[in-house]
Amino acid sequence: MYIPNSSFFPLIIVALPLLYWAFNFRKQTKLAFYVHDYLSGHDISAITVAGKDGPQTSVLSFGTIIAVDDPVTEGPDLNSKLIGRAQGMYINSQLDGKGLHLMFSIIFTDGIYKGSTLEIQGADLFAMKEREFSIVSGTGYFRFVRGEQF
Amino acid sequence: MYIPNSSFFPLIIVALPLLYWAFNFRKQTKLAFYVHDYLSGHDISAITVAGKDGPQTSVLSFGTIIAVDDPVTEGPDLNSKLIGRAQGMYINSQLDGKGLHLMFSIIFTDGIYKGSTLEIQGADLFAMKEREFSIVSGTGYFRFVRGEQF
Amino acid sequence: MYIPNSSFFPLIIVALPLLYWAFNFRKQTKLAFYVHDYLSGHDISAITVAGKDGPQTSVLSFGTIIAVDDPVTEGPDLNSKLIGRAQGMYINSQLDGKGLHLMFSIIFTDGIYKGSTLEIQGADLFAMKEREFSIVSGTGYFRFVRGEQF
Chain A
1 MYIPNSSFFP LIIVALPLLY WAFNFRKQTK LAFYVHDYLS GHDISAITVA
51 GKDGPQTSVL SFGTIIAVDD PVTEGPDLNS KLIGRAQGMY INSQLDGKGL
101 HLMFSIIFTD GIYKGSTLEI QGADLFAMKE REFSIVSGTG YFRFVRGEQF
Chain B
1 MYIPNSSFFP LIIVALPLLY WAFNFRKQTK LAFYVHDYLS GHDISAITVA
51 GKDGPQTSVL SFGTIIAVDD PVTEGPDLNS KLIGRAQGMY INSQLDGKGL
101 HLMFSIIFTD GIYKGSTLEI QGADLFAMKE REFSIVSGTG YFRFVRGEQF
Chain C
1 MYIPNSSFFP LIIVALPLLY WAFNFRKQTK LAFYVHDYLS GHDISAITVA
51 GKDGPQTSVL SFGTIIAVDD PVTEGPDLNS KLIGRAQGMY INSQLDGKGL
101 HLMFSIIFTD GIYKGSTLEI QGADLFAMKE REFSIVSGTG YFRFVRGEQF
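Here the protein sequences come in this chain order: A, B and C. The first sequence begins at 1 in UniProt numbering and counts up one residue at a time. The second sequence begins at 1 in UniProt numbering and counts up one residue at a time. The third sequence begins at 1 in UniProt numbering and counts up one residue at a time.
Just chain A, same shape as in the assembly (with noise of 0.2 Å):
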């Protein structure tokens, strides 16, 4: 697997700022948390397990399926408190590479959702800055979440 200037590859999702806005019964839900994800170095949570090489496939190459249980954290830092785990899946799903599929859960697992999920599913096109994506569903406090996006 190709490593960007370190061993320390925060690949994708690292730190992005997940802003969610929730329309719950006509109020709205403002929710910032951030996903660490990390493909190798000391503390790896995403593995390619699929692609067209086989599970070795390079994450940068289009078909390649990775595995993530990624640290969810109340602030930008790792270090900042963990509220969830991102648990799911992503694939590489643009011809040059360039583009991710997304399908996980939030599960929270401390803080004022602890207990609670969020659906996710989206497109991850990351030579993009900024990134939309859906939550498609979610249980306990977000069971009757729609409309939302982060």
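Think of the hints as simulated: they come from the structure by calculation, not from any bench. Worth double-checking, as some hints may not be accurate.
Pairs involving identical chains hold if they fit within one copy or between any two copies, as the list cannot separate such chains.
Cross-link-like lysine-lysine pairs, in silico, DSS-like; alpha carbons within 27 Å at most [to be verified]:
1. K52 - K98
2. K81 - K98
3. K114 - K30
With chain A's structure known, arrange chains B and C on it following the hints.
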């Protein structure tokens, strides 16, 4: 693959009582059905297709992907009336191997919902006795459902 | 891989007329577009990346995963105006090999919906002449869509 206790391995969502509330035009529908998931035995309905060590990686390893075409029945007994199939996939998405991310359709093939589908996405932390998944959408009878859980 | 009739294999959703009704603030939007899916030929837009026998498993086998970056056009002709890409994946999820589970984004890159996306999930039993999929969410113009089908 590790097969606990027997060669008959009703893995993860076997006979899980699935309760479903569809808030359909302000009307609530409660629906129960049972999904039977067999990774071995005479009636295999799920196979591993990718993972860190290739298609044969254990379902209990982080990253393993399983394709499913599970029977859906009216009652908890596999021999009760077959009313549909659960088709799609899940991926082991917890670093310790104890959690799945589910993505599949419930395709009703009999009963009053015949011809309709439900789209499911959610975290299945199978160490927990009760789990809640999201119904993200549906077709036919379930075209307008939202805010539903099961 | 089995290629029926020719080396040009417009497999599964080629030129499928996709109709879309967005119930957006009680207003209905009807939208038609065409997704062209090529697993072989000069303009390959989809590749197999995992399956029971590895990345080269036939798309017609239960369990095979296909990554897609398909052109989306305004008309049924591949040479009509390109308005977006369908990026994501599908998995063969029927034991007899005759059904797919689709998970992808429609990313509009031109036309009046440029910059918006639709998130699709659904069963594609391709032996049926007409199929209906769920739009589970969207961004931009489609941020508030729900209860939609295509």
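Item checked: In rising order, the numbers of the hints this structure does not comply with -> Result: no hint breaks.
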